[in-house]
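Visitor: If you want the building blocks of each chain, they are given just below.
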Amino acid sequence: MKVLMSHVRSQLRIGFRDPAYMFTSIVLPAGLYWFFAVPESNSAYAAKYMTGSFCAFAFFGVIFLQYAINTAHERESSWSQYLNTLPIPTGLVILSRLMTSIVLGTFACGLIYTVSLVFTPTDLDFLTFILMLLYLTLGGLPFLLMGLAIGNFFSPKAVVPVANFFHLVLSFAGGLWKPPEILPEALQPITPWLPTYHYGLLTWSLASKDISITASNILYLMVFGAAMVGIVTFQKMKMGR
Amino acid sequence: MDWIPEVTISISPPIEFNQVKFSYRNQTVLDDFSFSFEPSGLVAMVGVNGSGKSTLLKLILGLLQPQSGEIQVLGHKAGSFVTKGRIGSALQDVDFPQSERVEEIVNFVCSQYPTSLPVDELVEHFQLQEFRKKACGQLSGGMKRRVALACAFAGRPQLVLLDEPTTGLDQDSRLRLMQTLRSYQQEHKALILLISHHPEEIMDSVDGFLHVKNRQVEKLSTATLKESMQLRKLKFKLQGDHNLPEARRVTRNQETCEVVTENSDQYITSLVTQKIPFRDLTVDKLNIEELLGDFL
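Order-wise, the sequence lines are chains U and H. Using numbering that gives the first Met the number 0, the first residue of the first sequence is number 0, and each one after it goes up by one. Using numbering that gives the first Met the number 0, the first residue of the second sequence is number 0, and each one after it goes up by one.
Just so you know, not all the hints are guaranteed correct.
[To be verified] Here are the computed lysine-lysine pairs in the BS3-like style, where the Cα-Cα straight-line distance is at most 30 Å:
hint	chain 1	residue 1	chain 2	residue 2
1	U	LYS1	H	LYS188
2	H	LYS76	U	LYS237
3	H	LYS284	H	LYS236
[Unchecked claim] Facing chain U, a subset of chain H residues (Cβ under 7 Å, in silico):
hint	residue
4	PHE80
5	LYS83
6	GLY84
7	SER88
8	ASP94
9	PRO96
10	SER98
11	SER110
Read the hints as simulated data drawn from the structure, not as lab findings. Idealized CB from N, CA, C, for every residue including glycine.
Model the full structure from these sequences, guided by the hints.
Guide: So, in structure tokens, the structure goes:
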């Protein structure tokens, strides 16, 4: 536990001291929410729906995008080589990364929630918001692994555009910026096949009783997660050789 | 009290290479290499550039895997979790996270071990006081090396591996560092293995040397090293056919002659008595690369 917390503390310190990182992962999603979603939020339902969407977008950014970039940059650094000589249990780094993402994701979503309370007719209560964070954390696990997989695969230079591409395209096409019903028609048949759609659905289910999480949503995310575990394990085996 | 079984503490070697083969893509570094290290002491590893010293350290740390054979470190496989907990290391040029402060880094490394040395003690031993609050991105190369050294001792290691810890240090800091290493080594009965490119600077502080050469490791005593440092290189020009007196090494390339000998005065005397018409004579010490490569 002491070891785990030392990693989380260190990652959080590094994150909070980096203004660019803070801006892109916490301020920017809330800014985008304010700019794009607040004007559309003309009912309590719409407000809650869009809050959920943008929280999923923000959490996705923290748990996937930043992790992918960090992984690629740290992979060949002498610091990460040094870390490999320390007695750190396998899996602890991923776990610490998850906890760091929860903290940063809570900040990012908290800011979006605050904006929604001030500027929209939302009636999302605090407990439901906490439940949403829980959903985003559990549903975010496959994306954490996806970040690791992409970080392992791409060079430090390539990872920034590649990870951003995945982040933006999957967010948009999965319906996290605009609801799936108003996406371009060409895109609509693809949307239900994207992991971000199922991720968003976890939050939309909290906005209305008409939307509910089905077994197929959970199964999709689990299969997607299992595929990511497979890829990461394969990469690890290859790197070990 | 015959019934008490006799307790024998077997001191197995802390590092054991068993028929290890390791090569980079197109260069073999070790081939069928077997070696075991002394149980404790302060030992310097020397060898010409590219002889594989750093590779050996990385193999012991488990950062590199041998293609065949096995490496046992402190009774376990190199790179295993148990082993990692009992080794400390400082390889070359660690890039610490830029925004982390020195004491945060040391504290972080200490947290990885169940029984670490107190941060303040490490700060004191490696003179980090003046910059303990500084961010790592603002440190000079020398400061970073001191932080890396402090980290190497954080977990009270039984085995310490240091890659060129004395490079760039002035004489006073070097002596102080060697004293710190020695007192730790004696207190913990540890083995400290360090790579040095200037064995002459630390000769009097270490117990002995390991010489990495031609894919093998040989023990080299300080006395042998000191003796070899008496060798001198004579260079002179010479025209015509002459039989030069014998020496450790005599080479001639047209006019230019080069002689390596233990006793340069005697050699020059014999050149004179044999009436060999040399000119432009210079006498130099051998540099350490030449010594290690050709005469040790």
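Visitor: If a hint holds in the structure, say so; if it does not, say that too.
Guide: Structure-based check of all given hints:
1. Of the supplied pair hints, the one linking LYS1 (chain U) and LYS188 (chain H) holds, its CA atoms being roughly 28 Å apart against a limit of 30 Å.
2. Of the supplied pair hints, the one linking LYS76 (chain H) and LYS237 (chain U) holds, its CA atoms being roughly 20 Å apart against a limit of 30 Å.
3. Between LYS284 (chain H) and LYS236 (chain H) the alpha-carbon distance is near 18 Å, which keeps this suggested pair within the 30 Å criterion.
4. Taken as an interface hint, PHE80 (chain H) checks out: its beta carbon lies about 6 Å from the nearest beta carbon of chain U, inside 7 Å.
5. Hint status for LYS83 (chain H) relative to chain U: holds, with the closest Cβ pair at about 4 Å, below 7 Å.
6. Restraint check, GLY84 (chain H) versus chain U: the minimum CB separation of about 4 Å is within 7 Å; hint holds.
7. Look at SER88 (chain H): its Cβ gets to within about 5 Å of chain U, closer than 7 Å, so that hint holds up.
8. A hinted interface residue such as ASP94 (chain H) counts as satisfied when its beta carbon comes closer than 7 Å to some beta carbon of chain U; here the least separation is about 5 Å, so the hint holds.
9. For PRO96 (chain H), the suggested interface contact is upheld, since its CB lies about 5 Å from the closest CB of chain U, less than 7 Å.
10. The closest approach between the C-beta of SER98 (chain H) and any C-beta of chain U is roughly 4 Å, which is under the 7 Å cut-off, so the hint is satisfied.
11. For SER110 (chain H), the interface hint holds, since its Cβ comes within 7 Å of a Cβ in chain U; the closest pair sits about 4 Å apart.
Of the hints listed earlier, there is not a single one the structure fails to meet.
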